[in-house]
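K.L.:
Fit chain F to the known structure of chain G by using the hints.
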Amino acid sequence: MDIILSSLMAAMLIGMVLSLVALGLNIIFGVMDIVNFAHGEFLMIGMYTGLLTAQATGMDPLLTLPVAGCVGFLLGLLCYGAFVRFLLRGPMLAQLLGTFGLMVFLRNLALLLFGSEDRAIHHGLLVGKSFELGFGVIVPATKLAAALLSVFAFGSVWLLMNRTRTGKGLLATALNAQGARYMGIPTERMNALAWGIGVGSVTVAGALLVNFWSVNPYVGLLFTMIAFTIVALGGFGSVPGAFFAGLIVGLITEIPGFWDFLTFTLNLDWMSRVPMTSFKYTWVYLAYFVIMVVRPRGLFGWKL
Amino acid sequence: MEALRNALDFSDFPRTDLYVVAVAALFLLVFPLFPHSSFAMATMIQFLMFSIYGMGWNTIGGYGGQVDLGKAQYVGIGAYTTAVMLVRWDIPFWISMPIGMAVAVCWSFVLGYPLFRLRGHYFAIATIATSLVLKDLFEVWDFVGAARGLEISPIHYDPPDFLRLIFKEDIYYYYIILGFFFLGILFVNGFRKSRLGYQLRAIKDNEDVAASLGINVHWAKIKTYAIATAFVSLVGSFHACYIKNIEPEDTMSLHISILIALMAMLGGAGSLWGPIIGAAVLIPLKSYLKEWLGAHAGLIGIDLVMYGTIIMLVSAVEPRGIWGLMERIRGRRRG
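Line order of the protein sequences matches chains G and F. Take the first sequence: its position 70, counted from the start at 1, is 70 in our numbering, and no numbers get skipped. If you want our numbering, it's the 1-based position in the second sequence plus 1000.
A hint or two may mislead.
[As the list claims (entries may be wrong)] To spell it out: a stretch of chain G is covered by chain F in this simulated footprint if at least three of its residues, at any positions, have a beta carbon under 8 Å from a beta carbon of chain F; those stretches are: (1) 215 to 228; (2) 286 to 297.
[What the hints assert, rightly or not] Distance ranges between label pairs, derived from CB positions: (3) Val1030(F) to Leu222(G): 44 to 52 Å; (4) Leu112(G) to Ala1147(F): 22 to 30 Å; (5) Asp118(G) to Thr1309(F): 25 to 33 Å; (6) His122(G) to Phe1109(F): 50 to 58 Å; (7) Ala1042(F) to Arg181(G): 52 to 60 Å; (8) Tyr218(G) to Lys1168(F): 29 to 37 Å; (9) Leu1163(F) to Ala82(G): 51 to 59 Å; (10) Lys1168(F) to Gly81(G): 53 to 61 Å; (11) Ala82(G) to Pro1098(F): 42 to 50 Å; (12) Pro240(G) to Asn1206(F): 31 to 39 Å; (13) Pro1154(F) to Asp118(G): 32 to 40 Å.
[Said to hold, decoys possible] Calculated cross-link-like contacts (lysine to any residue; reagent style SDA-like; alpha-carbon spacing at most 20 Å): (14) Lys280(G) to Thr1130(F); (15) Lys280(G) to Ser1253(F); (16) Lys1290(F) to Leu111(G); (17) Lys168(G) to Ser156(G); (18) Lys280(G) to Glu1249(F); (19) Lys1290(F) to Tyr218(G).
It is worth saying that the hints were derived from the structure and are not from the lab. We put the CB at the ideal spot given by N, CA and C, even for glycine.
Looking at chain G on its own, in the form it has when it is part of the complex (with noise of 0.2 Å):
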């Protein structure tokens, strides 16, 4: 039992960084509807950012959060302004490509830059640190606090969208950008604003991730796929869809665990045998593609 209750947990606690991580993606593709392959690479940057702002400065990694934010938010205006901009013009295929090519310039430029091993953070206030929850759940306090602050920065982000004259210009730039304009609202801002707080909000995530997960230039892509995941299941466009379609994708990669406890309850050889974690992400995958297939709105949609 012990094991399918820290498998949930572990699913809900990873869940909730993921749906920060979906929510970028989900606000460029809702204001401008283009499609960022890049999403994953700017996580990788946001935990290097964060890695190495604790590294220089001693800091504990989980307060360099603020600096990750900073970057990613100058990082998003810098994109949009000297690149996306250009690319909204051309026909789609320009822009998958454009943004794929970001992709691959900023991942090499990383290899280039940080080279290719592995780093992850060793030291810091609540790193190595766990307590148990009871029922033999035990909780790392890095994930603890990760999944907290995400939950917080995704409460922020939606209040700017929500509650906010910004995220109004925001929402209706998103539902018709013509007619935006015409009331007056400047749309070539929003959508800078729009590159700047979904890259922002996804190196928050990158500086939150770190903590507990190590980074490599080629971390990107898996959580570029997962992002596209999460935000197919949710909705384009749905900020409450991406937490809750976050903490189902959770619940997907863990699908491993709950595997081991099948195999252990029920006691079958043959389940012991398959090779479920080499297959830990082709579930994600495939339920991108089934969600696709089967409802393209997702569970929240408002837009196709």
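P.N.:
Structure of chain F alone, referenced to chain G:
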């Protein structure tokens, strides 16, 4: 018969273009007769392989406008079919290649049916997802060597072996892939003017209008997807015999899918010569950048950084690629 005439008829291109093409074709034919380094030869073979990949992608992605980023899975199917059949049952290339093609095309029908219910971005991401699923499967499947892959060791055979395509000198590989390359050009030239080709361009311009004109949009896309798959799987089979050592990472990773799309996109998607121009620019650039910058200066990844920069520049400045740029210059000159 009419299809053959269409395939051999290049008269709708300007005469200057045809002269350039003739010179280029002559160069490709006589290139191995001149002294050359083995590195140059390997680059030329890579160029021909990626041109054919690009031509295949161009049918669905260029003429049809369906951005497919999962072509690597069919490279893998072709390569693995040939390699498994040769290693385990000693079946020669000329039999295993059509079988691999048939397997890949069947798989493309299975996937294409649900995939083409999606449009635009959703389709593109879904193709990536399916490709990654297949790669994950091949990485744990012991029959095909799991993550270690399969090795065709040439010592068991007696080169030159024309049936199994096992040679010592690259020149044989060069002429075989060159033959496929010319056949591929003829096929795409015929395809361009076929009923399906016109239907596809109508779909690219406006799917709803195409449907209202009585075109079965879904089926036309699936058929073209199968054609593209056949091209890719053929080169995959060739890849297995040429490289002789295949593993999931270098046949089925996303990197390959993207390179394939990139060839066509850089040269000019939706034009006959586009993918070839793209490959002619990109492959030598890639090889030599890697050779000079990567190996000599110890800067890992710098070739791909420049690569990414090129992709970004092309997509932002001239989305129609080099071919589009040439058309624009030509249009300006005409007035």
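K.L.:
Next, verify each hint and record whether it holds.
P.N.:
Okay, the hints, checked on the actual structure:
| no. | hint | verdict |
| --- | --- | --- |
| 1 | 215 to 228 | holds (count 4) |
| 2 | 286 to 297 | holds (count 6) |
| 3 | Val1030(F) to Leu222(G): 44 to 52 Å | holds, 47 Å |
| 4 | Leu112(G) to Ala1147(F): 22 to 30 Å | holds, 27 Å |
| 5 | Asp118(G) to Thr1309(F): 25 to 33 Å | holds, 27 Å |
| 6 | His122(G) to Phe1109(F): 50 to 58 Å | holds, 51 Å |
| 7 | Ala1042(F) to Arg181(G): 52 to 60 Å | holds, 53 Å |
| 8 | Tyr218(G) to Lys1168(F): 29 to 37 Å | holds, 36 Å |
| 9 | Leu1163(F) to Ala82(G): 51 to 59 Å | holds, 55 Å |
| 10 | Lys1168(F) to Gly81(G): 53 to 61 Å | holds, 55 Å |
| 11 | Ala82(G) to Pro1098(F): 42 to 50 Å | holds, 49 Å |
| 12 | Pro240(G) to Asn1206(F): 31 to 39 Å | holds, 34 Å |
| 13 | Pro1154(F) to Asp118(G): 32 to 40 Å | holds, 37 Å |
| 14 | Lys280(G) to Thr1130(F) | holds, 15 Å |
| 15 | Lys280(G) to Ser1253(F) | holds, 17 Å |
| 16 | Lys1290(F) to Leu111(G) | holds, 14 Å |
| 17 | Lys168(G) to Ser156(G) | holds, 15 Å |
| 18 | Lys280(G) to Glu1249(F) | holds, 18 Å |
| 19 | Lys1290(F) to Tyr218(G) | holds, 19 Å |
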